[in-house]
Amino acid sequence: MGYIPQLNNGFKYHCWPPAAGESAMYELAMIGWREWVGIPELEDGALLAKMDTGAWSNTLHASDIEIIDSDPENRIRFRLEEDGEWIERPVHDWRRVRDTGGHETMRPVIRTSLEIAGMDFDIDLCLKDRSLMRHRFILGRRFLREHFCVHPGRQCIHSSERTLPRIVLEY
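Note that this note's numbering has the sequence shown beginning at 920, numbered continuously upward.
Worth flagging that the hints you see were computed from the coordinates, not collected in a lab. Among these hints, one or two may not hold up.
The calculated lysine to any residue pairs, modelled on SDA-like cross-linking and capped at a C-alpha distance of 25 Å, are [stated by the list, open to error]: (1) K1047 - R998; (2) K1047 - R1008; (3) K1047 - E946.
DEER-style ranges, computed between Cβ atoms [claimed, not checked]: (4) G1072 - E992: 25 to 33 Å; (5) Q1074 - S989: 39 to 47 Å; (6) R1073 - R1014: 28 to 36 Å; (7) D988 - C1075: 37 to 45 Å; (8) I984 - G1072: 31 to 39 Å; (9) W1005 - Q1074: 15 to 23 Å; (10) M1025 - H1070: 32 to 40 Å; (11) D963 - F1040: 14 to 22 Å; (12) G1037 - E960: 12 to 20 Å; (13) W975 - G1072: 17 to 25 Å; (14) E1065 - E960: 20 to 28 Å; (15) L1051 - T972: 16 to 24 Å; (16) D988 - Q1074: 39 to 47 Å; (17) W1005 - R1073: 31 to 39 Å.
Where a beta carbon is used, it is the ideal one built from N, C-alpha and C, also for glycine.
Starting from the given sequences, assemble the full structure and let the hints guide the process.
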């Protein structure tokens, strides 16, 4: 039996087996299958994100997505809510994404900061209209596998002082 670290929130976990080139045991923070997160560059309030280990990439709901062709920096503008303010960001990349129905589409990707479980990360976010979906923000396994173990039976484990006052959106 391997080393099982004890987290401050009382959960025990270990990560096994290691991926190629990694040590046998490594520490990952435990998070629930849904967590309140912050994206301070885009939204003042906290967003409820689903940890989707079946999805490869991170996807954020955006409506009225428009490519600004005249801009040499290749920028995009969008809204997080139907009648919300316009947000303009540089397009970091374009990704081919396969949805749950097996259809491939090219999605614009922006780079931004993310606050989750008291930590800050720079992440890539695909933008897509997810207005018909239950979860408007998903974090995929490409991001999760490097930083977190997801507890499938718990949600909102981390309502820290950083995110709690910012919880304004409810889904």
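Going down the list of hints, with the structure as the test:
{"no.": "1", "hint": "K1047 - R998", "verdict": "holds (11 Å)"}
{"no.": "2", "hint": "K1047 - R1008", "verdict": "holds (14 Å)"}
{"no.": "3", "hint": "K1047 - E946", "verdict": "violated (32 Å)"}
{"no.": "4", "hint": "G1072 - E992: 25 to 33 Å", "verdict": "violated (44 Å)"}
{"no.": "5", "hint": "Q1074 - S989: 39 to 47 Å", "verdict": "holds (43 Å)"}
{"no.": "6", "hint": "R1073 - R1014: 28 to 36 Å", "verdict": "holds (30 Å)"}
{"no.": "7", "hint": "D988 - C1075: 37 to 45 Å", "verdict": "holds (41 Å)"}
{"no.": "8", "hint": "I984 - G1072: 31 to 39 Å", "verdict": "holds (35 Å)"}
{"no.": "9", "hint": "W1005 - Q1074: 15 to 23 Å", "verdict": "violated (32 Å)"}
{"no.": "10", "hint": "M1025 - H1070: 32 to 40 Å", "verdict": "holds (34 Å)"}
{"no.": "11", "hint": "D963 - F1040: 14 to 22 Å", "verdict": "holds (19 Å)"}
{"no.": "12", "hint": "G1037 - E960: 12 to 20 Å", "verdict": "holds (18 Å)"}
{"no.": "13", "hint": "W975 - G1072: 17 to 25 Å", "verdict": "holds (23 Å)"}
{"no.": "14", "hint": "E1065 - E960: 20 to 28 Å", "verdict": "holds (21 Å)"}
{"no.": "15", "hint": "L1051 - T972: 16 to 24 Å", "verdict": "holds (22 Å)"}
{"no.": "16", "hint": "D988 - Q1074: 39 to 47 Å", "verdict": "holds (41 Å)"}
{"no.": "17", "hint": "W1005 - R1073: 31 to 39 Å", "verdict": "holds (36 Å)"}
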